[in-house]
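Enquirer: Kindly generate the complete structure, drawing on both the sequences and the hints.
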Amino acid sequence: MFQKYANPTRFLKLANAILPWVAGLTVILIATGLYFAFAASPPDYQQGQTVRIMYVHVPSAWMAMFAYAFIVLASAVGLIWKHPVAHVSALAAAPIGACFTLICLTTGSLWGKPMWGTWWVWDARLTSVLVLFFLYLGFIALANAFDDAARGEKASAILALIGGVNLPIIKFSVDWWNTLHQPASVTKLGMPAVHSSMLIPLLLMAVGFTTLFFTLVIIRSRAELASRRINALRAARIHAEAGGG
Amino acid sequence: MTRKRRRLMIVVLGGLVLATAAALVLTAFEDNIVFFHSPTDIATNKELSIDRRLRVGGLVKPETWKKAPDGLTHNFAVTDMTHEVKVAYKGIMPDLFREGQGVVVEGRLLPDGSFRADEVLAKHDENYMPPEVAEALRKSGKWKGGADK
Chain P
113 MFQKYANPTR FLKLANAILP WVAGLTVILI ATGLYFAFAA SPPDYQQGQT
163 VRIMYVHVPS AWMAMFAYAF IVLASAVGLI WKHPVAHVSA LAAAPIGACF
213 TLICLTTGSL WGKPMWGTWW VWDARLTSVL VLFFLYLGFI ALANAFDDAA
263 RGEKASAILA LIGGVNLPII KFSVDWWNTL HQPASVTKLG MPAVHSSMLI
313 PLLLMAVGFT TLFFTLVIIR SRAELASRRI NALRAARIHA EAGGG
Chain X
161 MTRKRRRLMI VVLGGLVLAT AAALVLTAFE DNIVFFHSPT DIATNKELSI
211 DRRLRVGGLV KPETWKKAPD GLTHNFAVTD MTHEVKVAYK GIMPDLFREG
261 QGVVVEGRLL PDGSFRADEV LAKHDENYMP PEVAEALRKS GKWKGGADK
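Protein sequences, first through last, are from chains P and X. Quick note on my numbering: the first sequence kicks off at 113 and runs consecutively. Quick note on my numbering: the second sequence kicks off at 161 and runs consecutively.
Think of the hints as simulated: they come from the structure by calculation, not from any bench. In this text, a Cβ means the ideal position worked out from N, Cα and C, and glycines have one as well.
To give an idea of the chain X side of the interface with chain P (calculated C-beta under 7 Å), a few residues: (1) Arg167; (2) Leu168; (3) Leu178; (4) Ile193; (5) Val194; (6) Phe195; (7) Leu281; (8) His284; (9) Asp285; (10) Glu286; (11) Met289; (12) Pro290; (13) Pro291.
Quick list of in silico lysine-lysine cross-link-like pairs, DSS-like style, CA-CA up to 27 Å: (14) P:Lys283 to P:Lys300; (15) X:Lys299 to P:Lys300; (16) X:Lys227 to P:Lys225; (17) P:Lys194 to P:Lys125; (18) X:Lys250 to X:Lys227; (19) P:Lys266 to P:Lys194; (20) P:Lys225 to X:Lys246; (21) P:Lys283 to P:Lys225; (22) P:Lys266 to X:Lys164; (23) P:Lys225 to X:Lys226; (24) X:Lys250 to P:Lys225.
Expert: Right, dumping it as structure tokens:
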């Protein structure tokens, strides 16, 4: 079913049709999400106003993992079925995922100081997310390390697949080991976990961050495909001129 | 077997091998990955002995927190409901520190079995709610959570 979107022209047609919708949705969701997060949601019973960091921290953490899962999937499709758009979208997603990871680490640190009493500890959750950040940087560096773009794509795709092992470690680190970071709230069954007055803005922000991710991936993939096309056209012209002369 | 199928097999098999390797490594290093030990670990495990920096985590036992007049010297007990460790700490407490709260203390075990902490970190639980809801839940007896800020 995705076979036909492996063709860059068809992919671009679909991407251009989706783009205004995801972009519009992003603006609406993040605007309402931020309004609820900063103005229309209650302070926490223990943390007071500091809890508002959650509305940025938690969605960024989810997106940091979601973007990496997206890269793993795209890299696998690119390696196995050789779809040309797969590698392009993986490369497009990498800097976006790295940014979400950095936002997650920074806001987490700012949250950790007032609540836990420390900016940073080497517990399993924090360390595995830092490893995720380095995986993103390694992926971007490796993809750009070769003169031959195709070799860079292949090498970075393999790195992405290997790094995929880190995703379940991040997710379950808080259950498998003693950590300073508390266990998951939203996927926890039963009460109290997160009260609905806080859960709704959190989910608004999370969906908004997801549409933001897709908006940026589409824009970046489109730019990458356009730049490859320019390179191909230029090469063809040089070839033709050399042949004609 | 087509080339696509062969590549798929390589990726799947590689993934399985990698996952197994990761699981073995993480199991082997479990003692180093845990961020803190429980008071029961301290009481039962001889290897966590004196003269080694370690972290102990648990709840601040209610009615054990004593603050000296200088406002900096604190004494309290950390419990996991089976064993407890007496902790002495000199310094500023994090905001969330209170009796019944989860904490992680870092420092050394003294020969008399008490613990001298040079750092106290507060743990918070995975529950988030407005103060009124916490109050109502506690009143109805459905939940016995930590104290308000």
